[in-house]
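Take these sequences, add in the hints, and give me the full structure.
Listed below are the residues making up each chain.
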Amino acid sequence: MIGAILHAFWSHWRQNRLQLATLVAGIALATALWTGVQAINAEARASMASAADAGRIAALPRLERAGGTPIAMAEFVALRRAGIMVSPLIRGEIEPMPGLHLTLTGIDPLTAPEDLWPPGDFMAATTPANEVFYNAPGPQPPSFSPMAALPEGQAVADIETAQRQLGRDGFDALLLVPPQPLGAPDPLSVVPGLQYVLPAAATAPGALTESFQMNLSAFGALCFIVGLFIVRGTVGLAMAQRRRSMAVLRALGAPAQSLGALMLAEIALIALVSGLLGVVLGYVLAIWLMPGISVTLQGIYGAEVGSQVALRPIWWLGGIGMALAGTLASAAGPMLGASGRAVFAETQRRRGVWPALAGVAMLIVSAGLVIWGAGLLAGFAAIGTLLLGGAALMPGLLAGTLGTARRLARTPITEWTLAEARAQIPQISLAMTALMMALAANIGVTTMVGSFRTSFSDFIAQRLAAEIYVATPDGGDMLKDLLDPGEHLLPLRSVETTVAGQPSEINGIVDDPIYRGWSLLDGSPEAWAQVPQGGAIINEQLAHRAGLSPGDMIALPDGPARIAGVIADYGNPLGKVYVSATRLDRIAPGLKAPRHAIRSNDPAALRTRLIAGGIAPERIIMQPEMKAASLEIFERTFAVTAALNALTLAVAGFAVLTSLLAAADARLPRLTPLWAMGVDRRQLAALELARVTLTAAATALLALPLGLALSWLLLAVVNVEAFGWRLPFRADPAGWLLLIGFGIGAALLAALWPARRLARISPRALSEVLSRDG
Amino acid sequence: MDRRAFILALLAASGARAQGFAGLGADAQGFALPDPARPILFPRDHGPHPDFRIEWWYLTAPLQFEDGTPLGIQWTLFRFALAPPDGNTPPPAVWMGHAAVTTATRHLSTERFARGGTGQAGATGAPFAAWIDEWQMAGETPEAITLSASGPGFRYALDLQAQGPLIRHGAQGFSLKSASGQASYYYSQPFYRARGSVDLGDGPRAVTGEGWLDREWSSQPLSADQQGWDWFSLALDDGRRLMAFRLRGTTDFRSGTLIAADGTARALSDGEIVAKPDAQRRGIPTEWHLQIPTEGLDLRIAALNPDAWMETRVSYWEGPVAVTGSATGRGYLEMTGYARSAP
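One line per chain: the protein sequences are B and V, in this order.
Under my numbering, the first residue of the first sequence carries the number 398, and numbering increases by one thereafter.
Under my numbering, the first residue of the second sequence carries the number 249, and numbering increases by one thereafter.
Take the hints with a grain of salt, since some may be wrong.
Per label pair, the in silico range of CB-to-CB distance [unchecked claim]:
(1) B:M494 with V:N336: 32 to 42 Å
(2) B:P467 with V:T499: 55 to 65 Å
(3) B:R565 with V:A331: 20 to 30 Å
(4) B:R565 with V:A427: 50 to 60 Å
(5) B:G465 with V:A550: 53 to 63 Å
(6) B:P589 with V:G573: 36 to 46 Å
(7) V:A331 with B:D878: 53 to 63 Å
(8) B:I399 with V:H537: 31 to 41 Å
(9) B:G464 with V:D283: 48 to 58 Å
(10) V:T499 with B:A943: 19 to 29 Å
(11) B:P986 with V:N336: 51 to 61 Å
(12) V:N336 with B:P589: 52 to 62 Å
(13) V:A331 with B:G464: 30 to 40 Å
Don't read these hints as lab results, they were simulated from the structure.
Where is the CB? At the ideal position from N, CA and C, for every residue including glycine.
As structure tokens, then:
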């Protein structure tokens, strides 16, 4: 019996090769999309640590000697033995081979922050410490090892090796490595003559990168859902077509259990093969998108991510697992239906209003999660229930939309087309749900990335309004003498403390138009004018975590302060409070400004003057460079998002194609009466195209609110839970219209082939259908 | 093999780590080996032993605050030679320190690393001293020492006065650790009376209790089949001290020393020790049934804080324990080579 069943299965696929191909391609494409995103994410994550650390050296506060002379080993040891966690640093230019110029940084992996050592954990390292790690093209000098995680032209070595290479003793600086032990003394009291050097401007928005990755993960999950719908659609159609042979097998005595088990094995085998194919495709996809990703990270850190995609077991096994689990989960329903069906019963089960009710219930759950839920998990659960609810409601809403449109129809043909489109919803609803999911995901993610980019570039433009930023470990007294009359200094000073129970930074600001340009999330337009009167402006992180809003009082070390406003502060983990410079003087008397912003009409000339006046070039940051580096990430995210959008739509279009092809034979009996009434084949094909386009347009209309709800959840719920700041929602109607257009286009493209087949069908075939069914 | 050697073996003897940063992969070749014909000699052996590849200073102290609340502290310094001595310059070395404070509800631990030869970490025999960064163990002799360490969120300083003699384990300090003949030099001062202060971020608070110092040095790695060990140092209320360990391998290897209140020590052989794990926390046995039938000892050991996991780069479990059964007391328990499961 088993042999007979298997033979029947096999002959089904032999007769329906196209269907087998679509099933395999459907699973493979869905898997490819999923694995591709996973691979990019895994690779970006894996490369992130070392890439981040190249930037971290520059971002860490440090101790230097006031005159710039080297720091001796004995002084380093004295600080360590006093209980201050410092780590030595030396930097210089080397030319290990003629023409090969490298900037060499020597660090002490034993005391440096964990993972700062480029090869990874020094205890697990497989290379000896006397090597120099570098990144530069061309031949490799002896005892130099290439390391793609380093920015090009950079080299890193153990401090002793670096000292030998540079031919110098002593250290250039001592990095302050958090966390310091309890009761650590002030380093300047241990070794006089040293000074704190803070980074010239706080860059390296680590939380932004995490946010980017989380959003990419969310996108991966959405791709997965789209993939599931496609698999379900394809398997469902295959099973429907097999119904007759199943009935015959059952009539011949094949037990339902054996049929079910064998179908399960069959679908598992197909899923496995297709999944493997999908993983390979995903790998190709990742390689294709990866250059964008690595450049993205380079934009953030000035460090190159390895541009090679490694075949990590975690994602290729995961991809095959997804293909198997997803295929089985989504095929389970149709398969059980097919094998368990009574021998000759052919009636289609009517679903009635239950899916719609379930959909409404899902949406209510989603709303409930937003209102009462807390935490990231609740945010993601809200997204999941929103999408499921949308999917469950889709067929009903689609029918309603087409029904409404039908009432507006003028000609019989139009009315017939609309009625037919409505009648065909059960056949095409799965494919259209896939299309809707894909469109909703695209609209949601595009809106989110766009909002992210606009908000952040506005934010950068406001925060980095001054033309030049200078690190001034001595307090910047000498700066004043170097300025032209038109230029003025803004000292940037802050102390760290606890405000409203949250670790926070109190910043003292002088009254300057630059600050009034910072837009407020909350508070009156006069908020900045209240700062000189003793008021305070806080950042959103502090407002969110401590539940504060304008008008509330907070306790500062010198007394209470009324909150005048709340400002956005993307990518910063700390709470921030802005008070007047005079008030900061009361809080921290004698506090010098370790950084200065300078307003200038000719920043390039000012830079030259500052350097000529004895300020080291690496202590000066020009605003345009900083802005460009910060904005690069969003441009790249956009590029990757666009590519993924196109692919998701292509997969959804493929789902539409397979469902149309599968339904093509069943369409003929519906169309032949029109043919008999004189509508020619070309017109019939056009009507079919119109029907699919109408259905797709209605689907796209439904996808818009779903996509917007999705982006709102990502911006206003998930991001707040994950990072403490909310991104303002920026509408992009042109972008949405474009995406909707693409969605309809994808469906239209998918309908072209079946329509072309219809236009060329022989009149005899139509006559046969007419005489058989008519 | 002894207990701490497992940590060193992780660093020194296995797989890719063998060629690691520290170059610790070199086997014992070129280093000195413990020799039963050369027993431990004081005061010579209080100082460091650069001819041996690995060496450590280990102090654990079960304590209590003035209100009787129990806690414990750990202070550890390891030295790993990166190359055998060449007779002229001192061989390059890496030093690693671990420190922890454990109460019933909190376990704060941290670690330090330093390269040898810079003064950042080191040790001397006379005066008796060992240090890394601001952590320090120092005295004229091991008779009376001060001990201090700090880390994120904690800080402690203790005075330790020996109330009994130094104990040489095994044969005059030659401590056999496996059936295949691996050994180390091993001595202890198990009779410290401790007093000082512990600050858990809310100001220093006075503490008193007992302390136990271990000094050990060797050059040999663990054998391949040994996955870890369970090690006990117990101060019984009747004045006796008990050191016992079990090395888990294809066949377990047990050894120990029972020290009478007057300091008379008797080595316990493999067959004399029965150690059975009881309750577990996240896959780690934090309660034990320890028996020395030949001495009539039948002890129940329970961790003060079952979550005393050392979140260091080489991670393991170490924390204070309470002893009940045929004798009462307290001590320290160290367990290595366990995979800690998710909470």
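Structure-based check of all given hints:
1. B:M494 with V:N336: 32 to 42 Å: For N336 (chain V) against M494 (chain B), whose Cβ atoms are near 33 Å apart, the range 32 to 42 Å holds.
2. B:P467 with V:T499: 55 to 65 Å: holds (57 Å)
3. B:R565 with V:A331: 20 to 30 Å: Holds, since R565 (chain B) and A331 (chain V) (Cβ atoms, about 25 Å apart) stay within the stated range.
4. B:R565 with V:A427: 50 to 60 Å: Between R565 (chain B) and A427 (chain V), where Cβ atoms are some 53 Å apart, the hint holds.
5. B:G465 with V:A550: 53 to 63 Å: holds (59 Å)
6. B:P589 with V:G573: 36 to 46 Å: violated (58 Å)
7. V:A331 with B:D878: 53 to 63 Å: holds (55 Å)
8. B:I399 with V:H537: 31 to 41 Å: For I399 (chain B) and H537 (chain V) the Cβ distance comes to about 57 Å; the hint is violated.
9. B:G464 with V:D283: 48 to 58 Å: holds (55 Å)
10. V:T499 with B:A943: 19 to 29 Å: violated (60 Å)
11. B:P986 with V:N336: 51 to 61 Å: holds (56 Å)
12. V:N336 with B:P589: 52 to 62 Å: Check failed, 37 Å falls outside 52 to 62 Å.
13. V:A331 with B:G464: 30 to 40 Å: holds (38 Å)
When held up to the earlier numbered hints, the structure conflicts with 6, 8, 10 and 12 and fits the remainder.
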